[in-house]
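Hey, can you work out the whole structure from these sequences and the hints?
So the sequences go chain by chain: X and L.
Heads up: the first sequence runs through residues 1 to 114, numbered per my numbering.
Heads up: the second sequence runs through residues 1001 to 1109, numbered per my numbering.
Hints listed in this document are in silico derivations from the structure and should not be mistaken for laboratory results.
If you only want the chain L side, here are some residues facing chain X, beta carbon under 8 Å, derived:
| hint | residue |
| --- | --- |
| 1 | Glu1041 |
| 2 | Leu1097 |
| 3 | Gly1102 |
Don't be surprised by glycine CBs; every beta carbon is placed ideally from N, CA and C.
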Amino acid sequence: DVKVTQSSRYLVKRTGEKVFLECVQDMDHENMFWYRQDPGLGLRLIYFSYDVKMKEKGDIPEGYSVSREKKERFSLILESASTNQTSMYLCASSQTGEKRKPQHFGDGTRLSIL
Amino acid sequence: GQNIDQPTEMTATEGAIVQINCTYQTSGFNGLFWYQQHAGEAPTFLSYNVLDGLEEKGRFSSFLSRSKGYSYLLLKELQMKDSASYLCAVRFNDYKLSFGAGTTVTVRA
Chain X
1 DVKVTQSSRY LVKRTGEKVF LECVQDMDHE NMFWYRQDPG LGLRLIYFSY DVKMKEKGDI
61 PEGYSVSREK KERFSLILES ASTNQTSMYL CASSQTGEKR KPQHFGDGTR LSIL
Chain L
1001 GQNIDQPTEM TATEGAIVQI NCTYQTSGFN GLFWYQQHAG EAPTFLSYNV LDGLEEKGRF
1061 SSFLSRSKGY SYLLLKELQM KDSASYLCAV RFNDYKLSFG AGTTVTVRA
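If you want it as structure tokens, here you go:
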């Protein structure tokens, strides 16, 4: 079974802090993704990566950056946290090549910015 | 992102059938996924369609019409544990997915 592990289930930070969300997958997947999930808006893609040190912007990258130094780990960084970044953050991974293979998700990090 | 439309909420009785519709723009279509998400948990994969027709997996079936930009997820013999959000996700051109807002299904005894 694919395992995608996010470092924290719940996190509370203050406005202006630099926040790191970590994600690790154990299936040697090439692709990794960061989403945020808000009521009524569904999952929105923040950033994704299709290889080590490679990254591409998703639909809502503003205020975020990412890092992928190792294949299994994909980090999301909030450079200066703001209250409108309070949300559920979901990490996912998928395999390149086999198109019917789905993305596999972690359990999510519920982040509150005070 | 692309517009993926699905109803916000549906309610049905235990043992009944519920059909969740999903519509999307057809340009660049390259596959459609359905996920189930229980409250506070990760989305889990249910089904994948890329060709027209019906894919059946036990009590769950998914249908696709590429020319109409339309899919549905059919849940049969509803059980209480089927109460969850159901997410329609479409891949356009590459391996990124665009998600609908999700349909919350409530199963009543």
